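S.K.: Residues per chain are reported as follows:
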Amino acid sequence: MKHVEITNQPKGKIEIVKVAGFMDMAEVPKLEQALDALIKEGTIRIVLDLTGLEYVSSAGLGAIIGRIREVRRSGGDIKIGGYSEMVYNILETFGFTQVFDTYTSREEAIQKFEA
Amino acid sequence: MSVSVLNSELEFKRGFGLKFKFSLAIILLIFIIMGLVTFVVRSRVRDTLLSQMQVKGMALARGLAGNAAEALVTADRLLLAELVDKAGKQEEGILYAVLVDKQGRVLAHSNFKLEGRSYQIPAGAVYERVKAGKIIHYMLQGEECLDFEVPITLAGKIENVKKTVGTAHVVYSLLPIRRLVYETLQNIFYIAAVCLGLGIFFVLFLVSRIIRPVKQLAEAAEEVGAGNLDLELEVRRRDELGQLAATFNHMAANLKQAQVELIVKERLQHEMEIAQHIQNLLVPKQSPRIPGYSISMLYRSAEEVSGDYFDFIDLGKGHWGMTIADVSGKGVPGALVMAQTRSVMRSIAHFNLSPAKVLSQANLNLYRDMRDDMFVTVSYFVLDSARRLVTLSRAGHLAAIIYRRATKTCELEMPTGIAIGISDPDTFDLMLNEKKIKLNPGDFILLYTDGVDEACNHAQELFGSKRLLQTIIKSAHLKAEGIIDSLDQAVQRFVGEAPQHDDITMILVKVE
Numbered sequence: 001m002k003h004v005e006i007t008n009q010p011k012g013k014i015e016i017v018k019v020a021g022f023m024d025m026a027e028v029p030k031l032e033q034a035l036d037a038l039i040k041e042g043t044i045r046i047v048l049d050l051t052g053l054e055y056v057s058s059a060g061l062g063a064i065i066g067r068i069r070e071v072r073r074s075g076g077d078i079k080i081g082g083y084s085e086m087v088y089n090i091l092e093t094f095g096f097t098q099v100f101d102t103y104t105s106r107e108e109a110i111q112k113f114e115a
Numbered sequence: 116m117s118v119s120v121l122n123s124e125l126e127f128k129r130g131f132g133l134k135f136k137f138s139l140a141i142i143l144l145i146f147i148i149m150g151l152v153t154f155v156v157r158s159r160v161r162d163t164l165l166s167q168m169q170v171k172g173m174a175l176a177r178g179l180a181g182n183a184a185e186a187l188v189t190a191d192r193l194l195l196a197e198l199v200d201k202a203g204k205q206e207e208g209i210l211y212a213v214l215v216d217k218q219g220r221v222l223a224h225s226n227f228k229l230e231g232r233s234y235q236i237p238a239g240a241v242y243e244r245v246k247a248g249k250i251i252h253y254m255l256q257g258e259e260c261l262d263f264e265v266p267i268t269l270a271g272k273i274e275n276v277k278k279t280v281g282t283a284h285v286v287y288s289l290l291p292i293r294r295l296v297y298e299t300l301q302n303i304f305y306i307a308a309v310c311l312g313l314g315i316f317f318v319l320f321l322v323s324r325i326i327r328p329v330k331q332l333a334e335a336a337e338e339v340g341a342g343n344l345d346l347e348l349e350v351r352r353r354d355e356l357g358q359l360a361a362t363f364n365h366m367a368a369n370l371k372q373a374q375v376e377l378i379v380k381e382r383l384q385h386e387m388e389i390a391q392h393i394q395n396l397l398v399p400k401q402s403p404r405i406p407g408y409s410i411s412m413l414y415r416s417a418e419e420v421s422g423d424y425f426d427f428i429d430l431g432k433g434h435w436g437m438t439i440a441d442v443s444g445k446g447v448p449g450a451l452v453m454a455q456t457r458s459v460m461r462s463i464a465h466f467n468l469s470p471a472k473v474l475s476q477a478n479l480n481l482y483r484d485m486r487d488d489m490f491v492t493v494s495y496f497v498l499d500s501a502r503r504l505v506t507l508s509r510a511g512h513l514a515a516i517i518y519r520r521a522t523k524t525c526e527l528e529m530p531t532g533i534a535i536g537i538s539d540p541d542t543f544d545l546m547l548n549e550k551k552i553k554l555n556p557g558d559f560i561l562l563y564t565d566g567v568d569e570a571c572n573h574a575q576e577l578f579g580s581k582r583l584l585q586t587i588i589k590s591a592h593l594k595a596e597g598i599i600d601s602l603d604q605a606v607q608r609f610v611g612e613a614p615q616h617d618d619i620t621m622i623l624v625k626v627e
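These protein sequence lines are chains G and D, in that order. With the working numbering applied, the first sequence covers 1 to 115. With the working numbering applied, the second sequence covers 116 to 627.
Chain G on its own, in the form it takes in the complex (with noise of 0.2 Å):
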């Protein structure tokens, strides 16, 4: 089975969370604890690295934007920093980039963090 790797690494003030692998609707929930967990310690200022990511669902768009709204209620932010072709052309038939700030590397995203 494919499964969805989450790894975190705080940068500064900023956490970057890479989200690699495969995550289908059963996998959602890891990233959904994950984020959870970060932003139940006071991190709202999150970049997600999707750059190893092969597919995300659209309850793992759903668990991301409810997150997103979440730490922008505090003043916080989730920029997605890094992308897959397969992930991007998702986000953009969803409008998803339209709303959230979506860059293409995790350096550009970090960057809009600190401007």
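Please note that the accuracy of each hint is not assured.
Stated by the list, open to error - Below, in silico cross-link-like pairs of lysine-lysine (BS3-like), each with a Cα-Cα straight-line distance of 27 Å or less:
(1) D:K201 - D:K249
(2) D:K581 - G:K2
(3) D:K371 - G:K30
(4) G:K30 - D:K128
(5) D:K472 - D:K523
(6) D:K277 - D:K246
(7) D:K432 - D:K551
(8) D:K432 - D:K472
(9) D:K553 - D:K581
By construction, these hints were calculated from the structure, which means they are not laboratory data. As the structure is a prediction and not an experimental result, all values here were calculated from the model.
Given chain G, work out where chain D should sit, using these hints.
M.R.: What follows is chain D alone, placed relative to chain G:
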């Protein structure tokens, strides 16, 4: 919803309690120990006293015989009397001492009245030969006696040959020994009685200490059996009973968790059933009949997730609104959003032939009420059947596929647009576009949900848009129903035995 708790009555008839059983066991044990001790002590004490008596008796009899030898020769009767008198008073328990001549006549006796009579050993006496003489055991006037008999000898003329001239007897009563044994036993019984008392007291104390937690456990188990799973016993003891209490708590906690899980599972299942019911009520049961068109649909809902819906709305004058949507979110919340989306779109569509305006109104009505992580992707087009004109708008949904018979190719139509429920109306409207598509005979438009191209096989490969387009082109000569069937079969073949994760929905409108 209720989870059934065991309602059966506790079947238990209480017999003797542990206290009684333990006490009985201790009493029996003490009795057995005391019995053994008594038996051992009685024979040991008696044997010891008897052997002491034998040593002393023989020594006394030998002394008497030695002293009496000379006096017997000289017939010194006074001395003889004195000797028996002295020997008779030597020790407590001595009945009398006697000197008897060779003929069996009493020469001297502690009771001088018996002198001159013949010395008679009562019938039934038991003789035991020992080194210096005999020990004779008999009853004398109802009293048990030991008679120590030692021969009185004189040195003869021939060297080393001794001549027996009579016998010396010292007779003991066994009464003192019996009394001593009796007293010893009496002491043992006193000790036994004290032990018994202490034992019972100790048992009652110990058993009630042991029983208290056991009783608590029994009561707790009864309460848990009656359904109170919040119960927790205090674990203070470090012994097996403490372990039992801890195990009991663990069991109750596990039971509770299992019950909660069961309730949650049942509730989820129930919710899913409601959601599916709602969904089934909402989707059209058959496709509309429009002259010059063949229209078909496929709706295959996944077991757990209810998210897709589609609709055909007759807008009058040959205009039809056709929509396909995918609601994120499972269960009742998802189904409610779906119902809401459907009714909002239906009510607006009748007054508006512009799909972009319909979607804009839908977002305006819905986005505030939807949960943070919920959204709806919608494709909506209005078909002007007379002019064969499709006006398409898309809110985050997958591209519409247009098949062109002339070129035998597919075009993906993706006017920009954001999913309903994730952005404010201004951004939503700004991004929303319409696309007018003219259909020619043999052309068709296909709307589908991600359950189709993201159908997954066991190897976790996706069906994908490439396979989708290939299948479309291969079956494009068929009527709408035939194309949908081919697509359905292709997806089913690809997926094989793998479970269906998402709803599969398609609508296809073909110009004949």
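S.K.: Is K277 (chain D) within 27 Å of K246 (chain D), Cα to Cα?
M.R.: holds (16 Å)
S.K.: For K201 (chain D) and K249 (chain D), compute the direct alpha-carbon distance and say whether it is at most 27 Å.
M.R.: holds (21 Å)
S.K.: Does K432 (chain D) pair with K551 (chain D) here, judged by a C-alpha cut-off of 27 Å?
M.R.: With a Cα-Cα distance of about 18 Å, the restraint between K432 (chain D) and K551 (chain D) holds, given a limit of 27 Å.
S.K.: Has the given pair, K472 (chain D) with K523 (chain D), been kept, meaning a C-alpha gap of at most 27 Å?
M.R.: Not OK: K472 (chain D) and K523 (chain D) at ~33 Å, beyond 27 Å, violated.
S.K.: Measure nothing beyond the straight line between the CA atoms of K371 (chain D) and K30 (chain G); if it is 27 Å or shorter, mark the hint as holding.
M.R.: holds (26 Å)
S.K.: Assess, step by step, whether the Cα of K553 (chain D) is no farther than 27 Å from the Cα of K581 (chain D), and give holds or violated.
M.R.: Between K553 (chain D) and K581 (chain D) the Cα gap is close to 24 Å, so the pair holds against 27 Å.
S.K.: Within 27 Å, alpha carbon to alpha carbon, are K581 (chain D) and K2 (chain G)?
M.R.: Given that 27 Å is the threshold and the Cα spacing comes to 21 Å, the pair holds.
S.K.: Do the alpha carbons of K432 (chain D) and K472 (chain D) lie within 27 Å of each other, as the hint requires?
M.R.: The given pair, whose Cα atoms are some 19 Å apart, holds under the 27 Å limit.
S.K.: Verify the proposed pairing of K30 (chain G) with K128 (chain D), using a straight-line Cα cut of 27 Å.
M.R.: violated (54 Å)
Hints 4, 5 from the list above are not met by this structure, while the remaining hints are.
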